[in-house]
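Spelled out, the chains give:
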Amino acid sequence: MDVNSIATKETPEIQFDTKKGTLSLTGRSFPENAIEFYSELDKAVFSYIQNPQPHTSIAINLVYYNTATSKILVKLLMYFEPLPKKGFDVNIKWYYATNDEIIFEKGEEIKSVIYLPFELVAI
Amino acid sequence: VLITEYSYNQLQKLNMAWASNNASPMPIFIYNLLQSSTHVVAYAGTINNNITSHLITVLNKPSKKENQLTLFITECFQNLVKHAVSPQVLNPVTNTTGFFTFRESNSEQLIFSTNTIHSKDVMALKEKLETINALSTQQLKELEAVKLQDGVYDEKGGAGLGLIKLAIKSKQKIEYLFNEIDANQSLFYQQLNLIKNNSETLATNVLLHSEVVKNNILLIYKGNFTQEKLVPLFELLEENLVQHFEESAIKKRVYLTIIELLQNICKHAAITNEQKEGVFMLAKKNRKYVLYTTNFVKKTDCEKLNYYLVNSKNKTQEDLKKQFTQKLRDGFLDPEGNAGLGLLEISRHCEGNFTYQIEEHTKDLNYFTLTVKI
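If you read the protein sequences in the order shown, they are chains A and B.
Here the first sequence is numbered in our numbering, starting from 1 and rising by one per residue.
Here the second sequence is numbered in our numbering, starting from 1 and rising by one per residue.
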């Protein structure tokens with residue numbers, strides 16, 4: 001199940017293409033109820049990992065997000081953790097503006113709790 | 001009784017009496033000043049055209065009311081922009097005296113604005129206001145028609161129509177007050193009550209303005225804290241206060257903290273008067289940004305709140321980070337999407353530089369005030 005949602009002033013653009021094995025989150029994320037907002041993506045990711053593509057690329061480019069979102073992000077990324085042991089390739093790219101040290105630190109923080117290839121990329 | 005019959009000294013005496021009876025912490029004092037209104041947006045800083053649309057969105061009115069309000073706010077702002085002089089230093093933070101407040105309750109809906117004008121222009125402006133206030137709506141319309149036909153513009157590009165338009169549309173007298181700062185500059189307070197004139201409110205607003213200047217407050221919002229309000233409020237802060245931030249990391253920390261603070265009220269404040277009422281303020285003091293929130297909390301929730309506050313304070317940055325990252329992986333979210341991470345994150349952004357007060361309000365509710373310095 002693919003997920004495509006456009007960005008709003010409080011929620012990110014989400015593009016999850018299960019055939020290509022790509023997932024991207026772009027923009028801001030401080031919805032009123034993060035569980036509710038990300039429930040569709042949660043279901044789609046859970047279903048995807050049962051039958052994933054050989055390569056999965058995840059791109060996260062968030063400029064503002066709340067703590068509830070960071071919790072959801074970790075939960076979503078944890079779904080992918082068993083895949084490399086089963087022979088599936090997963091890589092995560094965390095984008096941050098070169099002058100945005102906070103988003104860079106946030107990326108490092110999430111990288112420290114996720115056991116998957118995780119790259120911080122300056123844009 | 002129009003406020004113009006008060007002298008500034010009388011007002012100051014009234015304000016001082018008021019202030020001495022309200023020896024509460026500043027955020028609660030401001031809350032008390034705003035008590036008669038259910039909805040308040042006050043903004044101090046550079047006044048430009050972009051700000052109107054953000055303010056209107058924060059005020060969130062049905063379209064017909066929105067149009068009327070847009071007109072009032074636009075006219076008020078144009079007056080501010082047109083007549084303001086750049087003061088030497090009045091508000092060292094905003095470097096301007098532009099101040100705008102919208103207040104609303106069942107019995108009032110008012111726009112209060114303040115700016116500095118040249119003292120030499122006071123008499124002419126006073127005469128203009130006296131003339132306008134003495135005219136009936138019909139007479140005002142005739143005067144407007146004459147002004148439009150004449151097409152005479154003053155040196156600032158104004159045709160003197162702004163005040164006339166405000167008086168016609170509001171069907172109310174324009175309340176005003178002048179306060180001479182020195183021989184060159186005077187403060188001009190202008191208030192338009194769209195429901196009925198009330199001189200006491202003008203006195204309160206003058207006091208509010210002096211508190212704003214004294215505490216270098218950039219923004220005050222009082223009202224119902226919902227996600228719908230949070231987004232335009234955030235945009236207003238993001239776009240119009242951006243010039244105050246010297247360092248982008250500080251700016252980011254302030255904005256991320258604002259999101260957590262406002263969402264904390266949206267989610268956890270006790271419901272009073274059928275809304276999650278609270279006050280949010282942003283100020284700048286001694287090169288630090290100070291964020292204040294005041295809201296009500298049920299007494300039964302205070303033990304839990306206190307636990308989170310104590311847990312987030314008096315910890316090293318390292319401990320806070322450790323606890324935060326541990327919760328990221330192992331913690332859980334409740335059905336409302338609360339991660340219990342908000343106060344930890346706030347404490348990290350301000351390096352533990354926050355204070356809080358929980359004071360009794362009623363038998364079931366406490367005031368909860370949080371002050372965060374970044």
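Quick caveat, the hints were computed from the structure, so don't treat them as lab data.
Each hint should be verified, as a subset may be incorrect.
Unchecked claim - Taking lysine to aspartate or glutamate and the EDC-like style, the derived pairs with C-alpha atoms no more than 16 Å apart in a straight line are:
1. B:Lys-321 x A:Glu-40
2. A:Lys-9 x B:Glu-228
3. A:Lys-75 x A:Glu-109
4. B:Lys-288 x B:Glu-247
5. A:Lys-9 x B:Glu-351
6. A:Lys-9 x B:Glu-238
7. B:Lys-322 x A:Glu-36
8. B:Lys-315 x B:Glu-351
9. B:Lys-267 x A:Asp-2
10. B:Lys-120 x B:Asp-182
11. B:Lys-322 x A:Glu-32
12. B:Lys-267 x A:Glu-36
13. A:Lys-75 x B:Asp-330
14. B:Lys-321 x A:Glu-108
15. A:Lys-9 x B:Glu-239
16. A:Lys-43 x A:Asp-2
17. B:Lys-327 x A:Glu-109
18. B:Lys-251 x A:Asp-100
19. B:Lys-322 x A:Glu-109
20. B:Lys-276 x A:Glu-32
21. B:Lys-321 x A:Glu-105
22. B:Lys-251 x A:Glu-105
23. B:Lys-288 x B:Asp-330
24. A:Lys-111 x B:Asp-182
25. B:Lys-267 x B:Glu-235
26. A:Lys-75 x A:Glu-40
27. A:Lys-19 x A:Asp-2
Claimed, not checked - Residues from chain A that face chain B, not an exhaustive set, calculated with beta carbons under 7 Å:
28. Asn-4
29. Glu-32
30. Thr-67
31. Val-113
Claimed, not checked - Some residues of chain A that are not near chain B, with every Cβ distance over 10 Å (derived):
32. Ser-5
33. Glu-13
34. Pro-31
35. Glu-40
36. His-55
37. Asn-61
38. Ala-68
39. Phe-88
40. Glu-101
Glycine included, every Cβ here is placed at the ideal spot set by N, Cα and C.
Could you work out which of the previously given hints the structure breaks and list their numbers from low to high? Structure breaks hints 1, 5, 7, 9, 11, 23, 24, 25, 28, 34, 38, 40.
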